[in-house]
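Novice: Protein chains in written order, with the numbering used here: chain A, 92 to 457; chain B, 54 to 274.
Hints should not be assumed to be uniformly reliable.
To give an idea of the interface, some chain A residues facing chain B are shown, with a C-beta separation under 7 Å as derived from the structure [unchecked claim]:
| # | residue |
| --- | --- |
| 1 | 154 |
| 2 | 155 |
| 3 | 301 |
| 4 | 381 |
| 5 | 382 |
| 6 | 384 |
| 7 | 428 |
| 8 | 430 |
| 9 | 431 |
| 10 | 436 |
| 11 | 438 |
| 12 | 439 |
| 13 | 446 |
| 14 | 453 |
If you only want the chain A side, here are some residues facing chain B, beta carbon under 7 Å, derived [stated by the list, open to error]:
| # | residue |
| --- | --- |
| 15 | 287 |
| 16 | 421 |
| 17 | 424 |
| 18 | 426 |
| 19 | 442 |
| 20 | 447 |
Chain B residues, not near chain A, derived (Cβ > 10 Å throughout) [unchecked claim]:
| # | residue |
| --- | --- |
| 21 | 64 |
| 22 | 67 |
| 23 | 71 |
| 24 | 87 |
| 25 | 115 |
| 26 | 151 |
| 27 | 207 |
| 28 | 215 |
| 29 | 260 |
Hints in this document: simulated from the structure, not taken from any laboratory.
Bear in mind the structure is a predicted one, so any value in this text is a computation, not a measurement.
Cβ atoms here follow ideal geometry from the backbone N, Cα and C, with glycine treated the same way.
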Amino acid sequence: MSKLIRSVVALSALGAGVQAASAQTPAGRDAGLRTLLARAESLAAGIAREDSVAREAQHRERLATRFDAGAVTVILPASVGDATGRRFVEGAARILDSAGVIPASFIATRIVVAYAADGVDSLVRAARLDKRVRIGADISAAPDTLADGLLAADVLAQSFRGTLDPEWRKWLPSDMGMGWNMRIEGAEAVRQLMAGETRVGALCLGGSAAGCRLWLGLDRGAMPYQAAEIRKLLTARWPGNRGVASQCVGGSDDACETLVRDSLLIPPIPPVPAGAASRGSFLRAVRRLHGDGALRVALADTAGPVGDRLARASHVSEDSLVTEWRSWLLTGGGQPRVTADLRDAVPAALAAALLLLAAARTGRWR
Amino acid sequence: MYRQVLRSQWLALRLPVVLLAVLGFALPLLTVTYGGALENAPSETVAQWLFASQKIGVLIPGLALLVGLLLGIGTWAPDHAGKHVYALSLPVPRATYVLLRFAAGVTLVAAPVLALGVGSAVAVLSVKLPGGIHAYPMQLTLRFALACLVCFAIFFAISISTRRAALAVLGLLGGIVLADLVLAALSISGAASVSETVLYLLTNWPGPLAILMGRWALFDV
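Bound conformation, chain B alone (with noise of 0.2 Å):
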């Protein structure tokens, strides 16, 4: 069944997979594009290389943001087209039918992660680094497949939710922002945004956009 799924996944999402799998693989190249041979460079040479290397990491978090939201919404696109029938008519419990979905996904998921990681090692294999500089292509690979997996199930998991679960959502994140205009009404010294609190909680380890955060350099100290 597992396969089948699969299947219908790859029909429906093919065109996106490979285009993120293309920007997956392009991104590290992009670093070697400002010189390779860093031996015996000038430091000046390095840093400035080195800072480049770093501002391209930075579209790393973003490439598996476009991978979750793409495949994640993907995922249940032909569903919601055939208003859920085929789901229904299938002789499987419906967590079974999500979980084989879920599964599908993110096998889908793993191609531009697969791309990300040869294109790193190809980055790494073009370059002489100086001493002091090190290439971390197997942890870039392996927190840019972490950072793809959160996503893609935050928009999964939204692409299949009720609307009274998207009312809820919306609802808290109304509730937050009018906590803050109410904190800021009474002018309450000391008293921290709740808004400001809430995405600290979120980016901030063990929070579960912790993964986008942090450093994504390919080449680092």
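One chain only, chain A, in its complex shape (with noise of 0.2 Å):
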């Protein structure tokens, strides 16, 4: 925009020139020409200088930075800092950690690269990085985009998704529990369990390990929902509904499991009752409590249904696991319920033993 004013300035400044010089005597009508060129031609000189500068500038802003956490690799537009980026690759890193859903050694075969910075391949091959996959983000240099690492963390889990297959890219939800957190998504789950929208999510509830099974949609074929509930969710939920939809609301039962077998109305009637942040919960739950190798024997084994795969990995029948899933979730993260046994007993006894100790040594008295 400067630009554009600088030459309509240097342009108005000519031609007043010209119509001043017009008025004046033939040699000093050319003396005072050749001066307002000259002049005109060091405006346009300056003018490109500035602008040269301003796309050094502009060039050493998006310049490639590189920034490493663990495993993580992201390249980033030198306009973000130094302290920007390390705090951006550490948070993705330290959510990678968290989630336990992808290995480190597919980590470290990829670069997040922001699609803002410049010069990136000269940084790869100067880096020797040449043979890590390049995965494009959009991250900017706005606060919001680097408030954490979640953008590269999330790149990084899609990326790891397309590895897998279909079963899984099916049943796991789309951030794949990155970000999960138990006071949020904890808590969205829990809200979710409790809804009270479908039977299976009651029975769960409840206490039943069958019900938590078709909830979650672990069993592979499985009819988690009634076809009063399917039509109950079509009327609340999508009231214009045609075709096979509108045979299931007219009473065609077949017509309703149609539409979820074939996944026809996956907005209004999920697949799978249980939302991202229950799914969600569910890996953080098997990771907690099997461990970080069960998540990924898991996700790295192919056969059978999902519920099938983490019971394998886990070490336990496919009903306990979702049984312990059930009871970390309602507990806020597997605290147990309320106890009192030896183990609690015991510290308790002896901090009151070595208190009466302490008040008998010592005293106001002595």
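Starting from the two chains in their separate frames, assemble the complex, guided by the hints.
Specialist: In structure tokens, the structure reads:
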């Protein structure tokens, strides 16, 4: 914009100069014109110089800068700044580590590259990162995209999702459990379970392992909804229903089942009643209760339904696994229900005895 | 001798003991004020009820702290008032006297504990629980008893401690805060906060205050 304004000013100055010069004598007019031309040329050169400096500065700002934390490598424009970039990549590493879904060996084969970065090729060559797969990400210097490393973790998760078999891709929550947190997503999962929209959800809440399996969609081909529930959901969430949906609302149970089985109406009626936060909670529970390895082994497994894979990797039955998850979720992260056993009593009694001993050995009347 | 000490302590502390017992009886009953017929209630109602139960449960360790504070400090109130002349005039070693005071104090602590037990039993009998939800009156009462014992012992010891001991504790707390300030001033990255570490050690098993943490819900999954 400033360039345009300057050009207009230069041309106006030239025009005004020519007009003024034409009113003078021929010799004086030539001299005046030359001076004005020289001024205009000097101004144009100045503008070009400033443009070049601005381009250079912009290039410097966009220059690709590498940040590493653990196995995570992110390339960001230099304008992001060292501290912010480091915080961003460390945040991404923390989120990935906390989710425990993606193996470090996979992360180490990828580089997250901000679209806004310039000179990525030369940086990648110089750092000998040519063999890594680049994943583009819309990371700008805007504080909201750099607030934590969620954006980088998310693009890595989506890249990993692409390597999994269709059964996993269908079941895993869209965010792959990145950034799942008990206070927010955990509360949302509990809310979903307790919403009472489906009979299987109510059964699960009541303690039925079979209900939990159906609600979480762990068994291949199982029907988690009753026809009446599908009708109710359709009427409430998709009033202008057509085709198979209208047949279902009209009373055809087969049409209702077809809708769910063939995933024809995913937004109003998801094939798995448990939402992303709830499926994320199941992944988190498996990891917390059975270790990092269990989740990774299950994700590498391609035999049988998702529930079978997770149970096999955790070395427990599927029913035990969903029962553990239910308690873990409903007790806010596996804190045990109120207990009063020897494990609690011994430290309490010891502490009381030590304090009594201290009181007996020291006193105000000594 | 125990009887005399207990009697004197009861006379000095009967009002707080009765008040704490009433609170102990009332707290579990608060849970069931949200409703009792849950057998066939919609799951959302059960969920809200369960959350309310858990929220009320949070008050129980607070009550244990109050029991410890009032009875632990109150145990020594008559001695402090009489400048410890009565204790010094008794023909018993000091350690025995402290033990007697402690035993009498623990006996008084039993009153709010029993009241909480009775309140929990009444609350459990007044509800019909849906499948998957269980009541834990015995565990809750025992945990409350242990928490009261620890809190009572803490305030009992603080109340009789010498100025030197009080200064040592204050000095320790000051040292922890100072260490945190020094670490922050030196900007040592990766250095754990000393106060956070101490708090973690105290409130996590086998720390003495771990008994106050965890879940305290009378009704739970």
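Novice: All the hints need checking, so say for each whether the structure fits it.
Specialist: Status of the hints after comparison with the structure:
1. 154: 27 Å, violated
2. 155: Hint on residue 155 of chain A: violated, closest Cβ of chain B at ~26 Å, above 7 Å.
3. 301: Not OK, violated: residue 301 of chain A not within 7 Å of chain B, min 13 Å.
4. 381: 20 Å, violated
5. 382: At 20 Å from the nearest chain B Cβ, residue 382 of chain A fails the 7 Å test, so the hint is violated.
6. 384: 25 Å, violated
7. 428: 4 Å, holds
8. 430: 6 Å, holds
9. 431: 3 Å, holds
10. 436: This interface hint holds because 6 Å falls under the 7 Å limit.
11. 438: 4 Å, holds
12. 439: This hint holds: residue 439 of chain A lies near chain B, its Cβ roughly 4 Å from the closest one there, short of 7 Å.
13. 446: Because about 4 Å separates residue 446 of chain A from the closest Cβ in chain B, which is inside the 7 Å limit, the hint holds.
14. 453: 5 Å, holds
15. 287: Holds, about 4 Å.
16. 421: Hint holds; residue 421 of chain A Cβ to chain B Cβ min 4 Å, cut 7 Å.
17. 424: Given a least distance of 11 Å, the restraint on residue 424 of chain A is violated.
18. 426: At 5 Å from the nearest chain B Cβ, residue 426 of chain A passes the 7 Å test, so the hint holds.
19. 442: Where the cut-off is 7 Å and the nearest Cβ of chain B is about 3 Å from residue 442 of chain A, the hint holds.
20. 447: 5 Å, holds
21. 64: At roughly 22 Å from the nearest Cβ of chain A, residue 64 of chain B sits farther out than 10 Å, so the non-interface label holds.
22. 67: Nearest chain A Cβ is 23 Å from residue 67 of chain B, so the label holds.
23. 71: 24 Å, holds
24. 87: Given that every Cβ of chain A is farther than 10 Å from that of residue 87 of chain B, nearest at about 15 Å, it holds.
25. 115: Label holds. Min Cβ-Cβ 15 Å, cutoff 10 Å.
26. 151: 4 Å, violated
27. 207: 6 Å, violated
28. 215: 5 Å, violated
29. 260: Contrary to the label, residue 260 of chain B does not stay out of reach of chain A, its closest Cβ about 7 Å off (not over 10 Å).
Hint compliance for this structure: hints 1, 2, 3, 4, 5, 6, 17, 26, 27, 28 and 29 are not met, and every other hint is.
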